[in-house]
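Q: Input sequences plus hints: build the corresponding full structure.
Okay, here's what each chain looks like letter by letter:
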Amino acid sequence: MIEVDNIHKSFGESHVLKGITAHFEKGKTNLIIGQSGSGKTVFLKCLLGLFTPDEGSISYDGKVYSKLSASEQRNLRQEMGMVFQGSALFDSMTVQGNVMFPLGMFTKQSKSEMQDRVDFVLKRVNLVDAHNKFPSEISGGMQKRVAIARAIVMNPKYLFCDEPNSGLDPKTAILIDNLIHEITQEYDITTVINTHDMNSVMEIGEKIIFLKNGLKEWEGSNKEIFKTENEAVTDFVYSSELFKKVRQMYLEERN
Amino acid sequence: MNYLASIGSYFIMIKEVFKKPTKWSIMKTLILKEIDELVYGSMGIIIFISFFIGGVVSIQTALNITNPLIPRNLIGFATRQSVILEFAPTFTSIIMAGKVGSYITSSIGTMRVTEQIDALEIMGVNSLNYLVFPKIIAMLFYPFVIAIAMYVGIFGGWTAGVFGGFSSSADFVEGLQLDFIPFHVTYSFIKSIVFALIIATIPSFHGYYMKGGALEVGKASTTAFVWTSVVIIIINYILTQLLLG
Chain Z
19 MIEVDNIHKS FGESHVLKGI TAHFEKGKTN LIIGQSGSGK TVFLKCLLGL
69 FTPDEGSISY DGKVYSKLSA SEQRNLRQEM GMVFQGSALF DSMTVQGNVM
119 FPLGMFTKQS KSEMQDRVDF VLKRVNLVDA HNKFPSEISG GMQKRVAIAR
169 AIVMNPKYLF CDEPNSGLDP KTAILIDNLI HEITQEYDIT TVINTHDMNS
219 VMEIGEKIIF LKNGLKEWEG SNKEIFKTEN EAVTDFVYSS ELFKKVRQMY
269 LEERN
Chain E
5 MNYLASIGSY FIMIKEVFKK PTKWSIMKTL ILKEIDELVY GSMGIIIFIS
55 FFIGGVVSIQ TALNITNPLI PRNLIGFATR QSVILEFAPT FTSIIMAGKV
105 GSYITSSIGT MRVTEQIDAL EIMGVNSLNY LVFPKIIAML FYPFVIAIAM
155 YVGIFGGWTA GVFGGFSSSA DFVEGLQLDF IPFHVTYSFI KSIVFALIIA
205 TIPSFHGYYM KGGALEVGKA STTAFVWTSV VIIIINYILT QLLLG
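These protein sequence lines are chains Z and E, in that order.
Residues 19 to 273 (the working numbering) are what the first sequence spells out, left to right.
Residues 5 to 249 (the working numbering) are what the second sequence spells out, left to right.
Rather than coming from a laboratory, the hints here were simulated on the basis of the structure.
Values in this document were obtained by computation on a predicted structure and should not be read as measured data.
Be careful, since some hints might not be right.
[As the list claims (entries may be wrong)] Which chain E residues stay away from chain Z? Per the calculated CB distances, all over 12 Å, these:
no., residue
1, V43
2, V117
3, I126
4, M127
5, I140
6, A174
7, K223
[Unchecked claim] According to the in silico footprint, chain E covers these stretches of chain Z (three or more CB under 8 Å from chain E):
no., stretch
8, 121–128
9, 186–193
[What the hints assert, rightly or not] Only part of the chain Z face toward chain E is listed, based on derived beta-carbon distances under 7 Å:
no., residue
10, R92
11, R95
12, F108
13, M111
14, G115
The beta carbon of each residue, even a glycine, is placed where N, CA and C say it ideally should be.
A: Below, the structure is given as structure tokens:
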């Protein structure tokens with residue numbers, strides 16, 4: 019579980035996070051949503067330890083990040099997996115090299131043990147014939163799968179995803195969402211996803227946090243988001259006519 | 005004020021490079037790759053330029069000797085002094101700042117833009133050690149490049165002098181041996197090691213701390229080349245004053 023207690027973050031005059039308190043549960047897909055400029059990315063980077071909050075604290079299963087020594091912080095980071103918006107695969111390495119990288123760097127496994135683990139995770143993300151291809155030779159959807167495989171190869175306790183399905187076609191986007199959701203439940207990971215994608219919200223949002231102007235405006239699940247009367251949330255989530263109709267139908271059905 | 009902050013950040017970066025070393029089995033591969041990329045990969049252009057610059061120095065010296073009292077062995081002497089003292093270590097380093105420096109800035113800058121450096125950091129890897137340390141170690145082989153540049157430059161001077169009809173081979177070789185001070189070669193190698201560290205670290209600094217997108221990667225490469233050249237020229241002056249003054 020990740021507990022965030024009243025974090026603030028400013029860059030010069032710009033006060034980006036204005037006191038966010040939240041907790042993200044283990045084995046659940048936690049979504050952070052909000053308009054561009056609402057502070058989502060800064061919030062995620064604080065969770066990852068890439069930014070240090072000016073005030074407040076973040077704890078990972080009871081360990082307060084700011085109170086850990088530099089080496090303890092690095093060890094904690096090894097328990098984190100991250101799927102970047104642009105996948106962030108190492109261009110100079112093959113798919114296999116990318117996935118094997120954390121194992122080679124941090125474990126004392128033999129070559130064959132690492133190979134077995136890489137084969138296993140690549141199979142888990144449904145990529146079996148791409149071991150020797152370079153990132154530039156595979157599609158965006160496949161790159162995302164490789165990024166997920168690399169993120170889970172060390173059996174992380176925490177998985178962070180920054181807009182994992184941006185730039186993907188709707189079908190592939192749903193496959194990636196479902197894959198992350200399945201992996202979260204299967205390995206009992208605390209997953210936090212930063213997204214703009216309303217399909218993701220509806221499909222896998224077990225817990226959703228809506229940020230507005232650096233503050234937590236609303237939180238709930240994908241079931242509750244249909245019923246919420248919070249105007250900021252409804253304006254954002256149901257901005258398209260299609261979603262407005264879907265919501266209306268859902269509410270009529272419920273009544 | 006910004007310059008002072010940048011200089012401070014540069015030295016902090018150097019300190020970070022030597023912290024939390026990457027596993028040796030991985031580092032070994034990275035160092036060999038960088039030696040191939042930065043040192044071995046530059047040999048062709050260095051040999052080509054050295055040969056012709058040596059030749060031009062020889063011809064220019066010959067054409068400027070109008071007084072019949074000046075001995076013809078001055079051509080070999082001037083070529084040797086120019087090549088060993090300045091051309092090989094300094095001029096070659098400016099070329100390397102362009103070739104190797106822009107490669108370093110653009111490769112690290114692209115990793116920054118595409119979040120590959122963030123990925124390394126999140127994994128718990130000291131990205132500065134992983135990316136910059138192998139380049140520093142690889143560039144310690146740079147004096148070998150300079151030694152070859154010296155040899156080829158002098159050979160180019162001999163070829164132009166003798167086959168261009170400006171000097172006999174005996175006169176040229178006599179000039180090469182005239183008043184030879186071995187410390188000049190040591191001075192040249194000392195300079196080349198210092199320049200190697202500058203070529204490895206200043207472009208890395210500009211690539212690592214760059215912000216923006218593809219356009220900024222190009223701008224950072226240009227800025228890195230300018231600053232690397234400026235620092236090489238200044239350090240060249242200081243070292244010459246200290247070691248030969």
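Q: Give a verdict on every hint.
A: Quick rundown of the hints versus the structure:
{"no.": "1", "hint": "V43", "in the structure": "holds (18 Å)"}
{"no.": "2", "hint": "V117", "in the structure": "violated (9 Å)"}
{"no.": "3", "hint": "I126", "in the structure": "violated (5 Å)"}
{"no.": "4", "hint": "M127", "in the structure": "violated (5 Å)"}
{"no.": "5", "hint": "I140", "in the structure": "holds (19 Å)"}
{"no.": "6", "hint": "A174", "in the structure": "holds (53 Å)"}
{"no.": "7", "hint": "K223", "in the structure": "holds (21 Å)"}
{"no.": "8", "hint": "121–128", "in the structure": "holds (count 3)"}
{"no.": "9", "hint": "186–193", "in the structure": "violated (count 0)"}
{"no.": "10", "hint": "R92", "in the structure": "holds (4 Å)"}
{"no.": "11", "hint": "R95", "in the structure": "holds (4 Å)"}
{"no.": "12", "hint": "F108", "in the structure": "holds (6 Å)"}
{"no.": "13", "hint": "M111", "in the structure": "violated (10 Å)"}
{"no.": "14", "hint": "G115", "in the structure": "violated (11 Å)"}
When each numbered hint is compared with the structure, violations occur for hints 2, 3, 4, 9, 13, 14.
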